[in-house]
Structures are given as structure tokens and as C-alpha cells.
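From first to last, the protein sequence lines stand for chains U and X. So in my numbering, the last spot in the first sequence is 84, and the numbers never skip. So in my numbering, the last spot in the second sequence is 233, and the numbers never skip.
Please note that the accuracy of each hint is not assured.
What the hints assert, rightly or not - A few chain X positions that, by computed beta-carbon distances, are all more than 12 Å from chain U: (1) Arg49; (2) Pro64; (3) Ser92; (4) Val127; (5) Thr166.
Stated by the list, open to error - Residues from chain U that face chain X, not an exhaustive set, calculated with beta carbons under 7 Å: (6) Ser8; (7) Cys9; (8) Gln10; (9) Leu29; (10) Pro61; (11) Asn62; (12) Leu64; (13) Phe76.
FYI, nobody ran anything at the bench for these hints, they're computed from the structure. A quick note: this is a predicted structure, and the numbers were derived from the prediction, not measured. Cβ atoms here follow ideal geometry from the backbone N, Cα and C, with glycine treated the same way.
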Amino acid sequence: MIDTEALSCQELVELVTDYLEGALGERDLRAFEGHLADCDGCTEYIDQMRTTIRVVGTLTPNDLTQAAETALLQAFRDWKRSPS
Amino acid sequence: MPNTLPLGPRRRRFLPGINGTFAAVTLTDAELVAALRAGDEAAYANVVREWHSGLLRVARIFTPSHAVAEEVVQETWLRVLGALDRFEGRSSLKTWVFRILVNTAKTRAQREGRTIPFSALHEPARVPEAAVDPERFLPDDHPHRPGGWGSPPRELPEERLIAGETREVIERAIEALPASQRAVISMRDVEGWSSEEVRNALDLSEVNQRVLLHRARARVRQALEDYLAPEIA
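When you get a sec, could you build the whole thing from the sequences and use the hints?
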């Protein structure tokens, strides 16, 4: 449990994902937001974490290659003919 | 059968989880299982495409290369088809398929004499890892702000964030992550899966899923800052 009075920047950065995931308890959430309201460094840190999530979200998922798709569909047809 | 389904690389981002506009993903699990058992190739092709990226990313945790991961995914679908009649619906089909994938990948790793990063996946908290270099904070005995920022992050130049090179930096940073962190951040933030879906696919506790996600995001953020910081200073 975090002491409301003494939540340091170094402690806060370790709670950012819990915060963004909505996993902080009421008391920790109060300490977190209280600290944030008064700290430019941590506000910027959270902004950068949000930015990171946003930019990661623009990456392209691995799509199925044509060769893999052909092989997987063939497997399905074989299975249909003689289901194991 | 002709391929009539659109295959945009961006679709998954807009269709996280199970809410899709594609036929197979709008089916209920029971309908999907029935369609597969009945030999409905369109339903099968759809689900194979929809889950492929996630399957590959999980397979990569246990495999030394992308090529081996592709083979594990292929083998997984063969096993899924072989076992489909025994699927009882106690978990979702997706969860069941991912469990088969993990078992397939582990079996293969054992056969090939490779060690598997079990502990990395299930005991991530055992090895501490700071989100930010401790050197950037003031010492614990600082009179006014112990543990406060000594070297705080500075605003990143927005216009460079969307540049192609920045995305390459991020791609490389993700590629360099430990496999379990890479899988979690990829599934959550690239594929748009929910934490519950990731937990089920990887058989992870809620806390461990979050620890892995936190570390992965923290490392990628650091890579982003390292890349853009010279411009700021």
C-alpha cells in the first residue's frame, strides 16, 4: 500500500499501467492523481506512455501470407474428406 | 472456393475483441463450431485469418524464429481440426485454440531440446525491472524531493511521432523485448485485444499480464524518448 503523503515520482512511474488499466484501488488512485496534479515531470511521463500506446497501435498486425493460407485451407479440405 | 473476404491490415485495430463485421466473428461460438464441424470453409478461412496474427505472436514466445512460429500455427490448426469433435465449449473456442497452440509450441520446443521461458511468463515479478532508469530520480536522502525527477522527460515533438522512422524505432524496440513482454504488448496494443483475452490465451494471471504490459510499454517509451530526445535537448 502506498502512503498518500509520500508517493514519489519514482514510485508513480511504476503505477502508470495499473492507473491506465483502471486497476488502482481508491486510496492509491487518490494518491496518484494528487501527485499528478502537482507534478509536470510525471504528467509528461504519462503523456509519453499514452503516446507510446497510440503509436504502437499504428503498427500493422502480421497478416496471413498467401502460402500459409493456401496450406491451411488445404488442410481443412483434407480434414473434410477424412475427419480424424 | 474464391476468397471473397476483404483483408485489410488495419481491420483488426477497429475490430478489437469479438466485435467484428465479418461473418465468422459475428457468429456465436456455438454457431462457429457447428459451421466448422459441418465443413464450412468460409467460416474456417475467416477465423484462421482473424486469429493468425495473435497466434503467431504467442507462438513466437516459444519459438526461435518467425518461420518456426508459422509452422507451429499450421500444426495447431491441424490439431484443432482433429480435436474439434471433442470441443465441449467449456472455454471459448478462441481460448481453446490458443491453449492448443501453446501446447503445440511447448511440445515442439521440448522435442527440439530448447528451453522455454515459463518463468518469464508466470513469474515476471520475481526479477525486478524499473520502468525508468533509477539514475533519473533524486536520491532517497534528498532533503526536499526524495525519489523526485532529477532528469524529467520533456515533451516529444508531435510532428515526428507519426513519421515512418519513428514507427521503425518502435518496431525494433518491440522486437528487442523479451518474448513474453513482446507477446503481451503486441496483443494488447497492436492487435487491440482485451486484457482478458490476453490472459486467457497465455494462461496468465491478471497481475502478471499487467506487469508484462507495463515493462513492455516502459521499454518502448524509453526507446521513443531516446530516439527523439536529441532533438529536444
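So, going through the hints one by one against the coordinates:
{"no.": "1", "hint": "Arg49", "result": "violated, 5 Å"}
{"no.": "2", "hint": "Pro64", "result": "holds, 17 Å"}
{"no.": "3", "hint": "Ser92", "result": "holds, 20 Å"}
{"no.": "4", "hint": "Val127", "result": "holds, 14 Å"}
{"no.": "5", "hint": "Thr166", "result": "violated, 7 Å"}
{"no.": "6", "hint": "Ser8", "result": "holds, 3 Å"}
{"no.": "7", "hint": "Cys9", "result": "holds, 5 Å"}
{"no.": "8", "hint": "Gln10", "result": "holds, 4 Å"}
{"no.": "9", "hint": "Leu29", "result": "violated, 15 Å"}
{"no.": "10", "hint": "Pro61", "result": "holds, 4 Å"}
{"no.": "11", "hint": "Asn62", "result": "holds, 4 Å"}
{"no.": "12", "hint": "Leu64", "result": "holds, 4 Å"}
{"no.": "13", "hint": "Phe76", "result": "holds, 5 Å"}
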